[in-house]
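K.L.:
Residues per chain, in single letters:
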Amino acid sequence: MDDFLAARLQMAFSLGFHIVFACIGMVMPFFMSLAHFYWLKTKNVVYRDVTKAWSKGVAIFFATGAVSGTVLSFELGLLWPKFMEHAGPIFGMPFSLEGTAFFIEAIALGFYLYGWNRINPWFHWATGVVVGISGLLSGILVVAANAWMNSPAGFDYINGEYLNIDPIKAMFNDAWFSQALHMTVAAFVSTGFAVAGVHALMILRGRNVAFHSKAFKIAAVFGTIAACLQPISGDISAKDVAKRQPAKLAAMEAHFHTERNAPLIIGGIPDTAGKKVDYAIKIPGLLSFMATGDFNGEVKGLDSIPKEDQPPIGVTHYAFQIMVGLGMAMVGLAILYFIALWKKKQWLNSNWLLKLFVIATPMGFIALEAGWTVTEVGRQPWIIHGIMRTADAVTPMPGIAYSFYLFTGVYISLSVIVSLLLYRQITMVGKLYDSSNEVPKS
Amino acid sequence: MIYVVIIFLWTAILLYILLGGADFGAGIIELFTSKGNKDKTRKTMYDAIGPIWEANHMWLIIAIVILFVGFPKIYTTVSVYLHIPLVCMLLGIIARGTAFVFRNYDAVEDDMQKLYTPIFVYSSLITPFFLGIIAASAVSGRIDLQANDFLSAYVFSWLNWFSIAVGIFTVSICGFLATIFIIGQADNESDRKFFTRKARRTIFMVMFCGALVFLSAYLEQIPLFNWIFGDTPGLIAIIAASISLVVMFFILERDKPIMLRLLAGFQVSMILFAATYSHFPDIVLLKNGTNLSLLTHQGQIKTIESLAYALLIGSIFILPALFYLIYIFQKRKDIPSDH
Ligand code: HDD
Ligand code: HEM
Ligand code: HEM
Chain X
4 MDDFLAARLQ
14 MAFSLGFHIV
24 FACIGMVMPF
34 FMSLAHFYWL
44 KTKNVVYRDV
54 TKAWSKGVAI
64 FFATGAVSGT
74 VLSFELGLLW
84 PKFMEHAGPI
94 FGMPFSLEGT
104 AFFIEAIALG
114 FYLYGWNRIN
124 PWFHWATGVV
134 VGISGLLSGI
144 LVVAANAWMN
154 SPAGFDYING
164 EYLNIDPIKA
174 MFNDAWFSQA
184 LHMTVAAFVS
194 TGFAVAGVHA
204 LMILRGRNVA
214 FHSKAFKIAA
224 VFGTIAACLQ
234 PISGDISAKD
244 VAKRQPAKLA
254 AMEAHFHTER
264 NAPLIIGGIP
274 DTAGKKVDYA
284 IKIPGLLSFM
294 ATGDFNGEVK
304 GLDSIPKEDQ
314 PPIGVTHYAF
324 QIMVGLGMAM
334 VGLAILYFIA
344 LWKKKQWLNS
354 NWLLKLFVIA
364 TPMGFIALEA
374 GWTVTEVGRQ
384 PWIIHGIMRT
394 ADAVTPMPGI
404 AYSFYLFTGV
414 YISLSVIVSL
424 LLYRQITMVG
434 KLYDSSNEVP
444 KS
Chain Z
277 MIYVVIIFLW
287 TAILLYILLG
297 GADFGAGIIE
307 LFTSKGNKDK
317 TRKTMYDAIG
327 PIWEANHMWL
337 IIAIVILFVG
347 FPKIYTTVSV
357 YLHIPLVCML
367 LGIIARGTAF
377 VFRNYDAVED
387 DMQKLYTPIF
397 VYSSLITPFF
407 LGIIAASAVS
417 GRIDLQANDF
427 LSAYVFSWLN
437 WFSIAVGIFT
447 VSICGFLATI
457 FIIGQADNES
467 DRKFFTRKAR
477 RTIFMVMFCG
487 ALVFLSAYLE
497 QIPLFNWIFG
507 DTPGLIAIIA
517 ASISLVVMFF
527 ILERDKPIML
537 RLLAGFQVSM
547 ILFAATYSHF
557 PDIVLLKNGT
567 NLSLLTHQGQ
577 IKTIESLAYA
587 LLIGSIFILP
597 ALFYLIYIFQ
607 KRKDIPSDH
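So the sequences go chain by chain: X and Z.
According to the numbering used here, the first sequence is numbered sequentially starting from 4.
According to the numbering used here, the second sequence is numbered sequentially starting from 277.
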């Protein structure tokens, strides 16, 4: 494998791995704090049990997120030294603030995990909320760094030099808001659906039903509300991309020719040589409307972009379809769930609704990974859009392929262990956490 | 402002060595404890480091962020030429961080524990070893920007006796910090005796490893002796460290855990001070005789300023919270947690 490809894949795997843990570490604390709140208010022990079970999950995910994040902060230099040499001082502001957010998060988690019966109950509860808030903040901050790569700002690029650096301007670049919003909502969608799905499965199996029903409801409500917000935020992102990175939008949509009244292309197989998309559904005018707010607006096609500046079309297009498709599927399920909550209470006890949630367990995370693929692959061949090419940023050290195999092996084994651990946490619920269960707890 | 950033960088590294080091040391002494005493050591250690465990390794991240934001050239040079030991250290960090949590949070206690424990213990050894190698390689003048074959560019940049000796020395420092720390955690007299004996042995170990460092520096023709004893502040630091070591020996038997910890912290700070003061502001010495300096290779003014403000503001939030965390969980005789 060639070193450049290996470096890109290693970066992509590391981020793809980290993001799963980071999202759960960001969102679970909110679920946990809500359950904890109900426990303090109602003194219903089931809520305390749910809180404790979830807090174990948070600890496992936090630690894995923390080590994979540590690896990332080194990998930026190990793999992309030329990029970091110039970008570090410009987009470093969010990272330096993020350090504080992580720290607060780690400290608050220390209080939370070890604070049962040791500190004032409401202070204890508040530390859980702080874990969530600082986690969200750190997510928003890193995304600001990534947004800068899509929409570089805060410096003047003169004769290959990066002058007049302004880190604050770089942080609040044009892409920052839409990306941070979309990412935050995505974290709630993916974690909400994943957690709800697992508890739904346990309810279907008839295990510790009271416990799992309460847990399911909290996760499902968060996940479904976020799912309905996601298309709105996605629309903001699409408009933003159309403005700042027409090449990315064109690749997402496999939109080959610049035109007015451009159709929205759903599915299909892009044919790069023939510059057309086969077997696709086309909705006339919709792309123009989505990108510009006007059915007759002009949307730039790939033909307006020099060949060497075009991103890979296939990957970007498929990834975009997967994200939007799954997003819509989750909106559908969310609507069913809301109907069940408000109008058709009997649905809540029916198996088919729970089964749908079980099927939807991985959807959020798949959409999340697909979305990042759109963003990152769609930015190619640039590492800093319009300024530096990815190929020019890679480390001179040969043999990155081995490092790629090594890290891939590590990530795969970690994923297996974490899954095993979660599986064991879940199967042990009856024994460890559910005190309403007959088995007396020692 | 640049000095604010440098002080933060130095402090972050020091705190990583002290807090993170004690925490690596926990794994190391677990490795060197006889079977019968392993469980006791592990449990005492876990109770002590559990709550602050996540926070400890944040110092490393802070140091890295300061480097890549404020001193990008230094960060990238080290990343390129010390790629291999960095990857080894990262593997250690991954293995250790996850194994620690897995073994404490796995719902079922069974054979999996047999897997987690060795991973935890050996990675506790590997991580500080490579950390030491990286630090030593930065100053040993073997990084060769002109090298054009793989071995001299990416392997001999770090593989030499001096770096290895410093790696071993770092491991011994971690073990030392952990044994001193654990004395204060013992809740009965016989445990305290046991840990005190251990502490005495590790102190000799540290002195022996320190001697190895000087010997290897001599073999590799690195003027370590001049660096450390060459200028007055460094000399004073080393003398102060030695005196405090003698004091430590005297009070080791008495029940003064806080004093012992302060002394140990003081000694390690003095060693780091002496080691860094002599070639400040240079932190990477290259083979061609030039240096990468914190002063000449800093980022642009605005970057440094905003970094300094970010750090200052951050520490207003972090430090009180951290102290409170440590304080709360030091009051040991509380109701035990029902985990
Ligand atoms: C649960 C996950 C999820 C779901 C259901 C959706 N997205 Fe998304 N999307 C993401 C998760 C995500 C993401 C992984 O979080 C990305 C990557 C970068 C970013 O900011 O968000 C993303 C990026 C992203 C981008 C590129 C932004 C950029 O490069 O700056 C666009 C245009 C959209 N999304 C649009 C949509 C639309 C129209 C959706 C309609 C349903 C949608 N997304 C659902
Ligand atoms: C966490 C979610 C993210 C995922 C899943 C992700 C995914 C990817 C993928 C798939 C690539 C490979 C693109 C290609 O080579 O075609 C990539 C590259 C890269 N990403 Fe991301 N990314 C994420 C976030 C970020 C963030 C937050 C940053 C920086 C602050 C970042 C920096 C990079 C860099 C430096 C590269 C290598 C250069 C390149 O290929 O453009 N990524 N990432
Ligand atoms: C190049 C990209 C990235 C780098 C360098 C990076 C770096 C880090 C580091 C160093 C940590 C460890 C902090 C600790 O010990 O607590 C971490 C954890 C975390 N990261 Fe990332 N990160 C990146 C991408 C992302 C993205 C895209 C997100 C989310 C949107 C994210 C969100 C988080 C969160 C929430 C944590 C806290 C750990 C947890 O709760 O599990 N990171 N990251």
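Possibly wrong hints are sitting among the right ones.
Stated by the list, open to error - Below 30 Å or equal to it, Euclidean Cα-Cα: the simulated DSS-like pairs (lysine-lysine) are: (1) K390(Z) to K55(X); (2) K85(X) to K563(Z); (3) K314(Z) to K563(Z); (4) K85(X) to K349(Z); (5) K55(X) to K319(Z).
Stated by the list, open to error - Stretch by stretch, here's where chain Z covers chain X in the computed footprint (C-beta under 8 Å, at least three residues): (6) 73 to 84; (7) 396 to 402.
Just so you know, these hints were derived from the structure itself, not from any lab.
Virtual Cβ for every residue (Gly too), placed ideally from N, Cα, C.
K.L.:
For each hint, tell me whether it holds in the structure or not.
P.N.:
Here is what the structure says about each hint:
| no. | hint | verdict |
| --- | --- | --- |
| 1 | K390(Z) to K55(X) | holds, 26 Å |
| 2 | K85(X) to K563(Z) | holds, 21 Å |
| 3 | K314(Z) to K563(Z) | violated, 45 Å |
| 4 | K85(X) to K349(Z) | holds, 9 Å |
| 5 | K55(X) to K319(Z) | holds, 22 Å |
| 6 | 73 to 84 | holds (count 8) |
| 7 | 396 to 402 | holds (count 5) |
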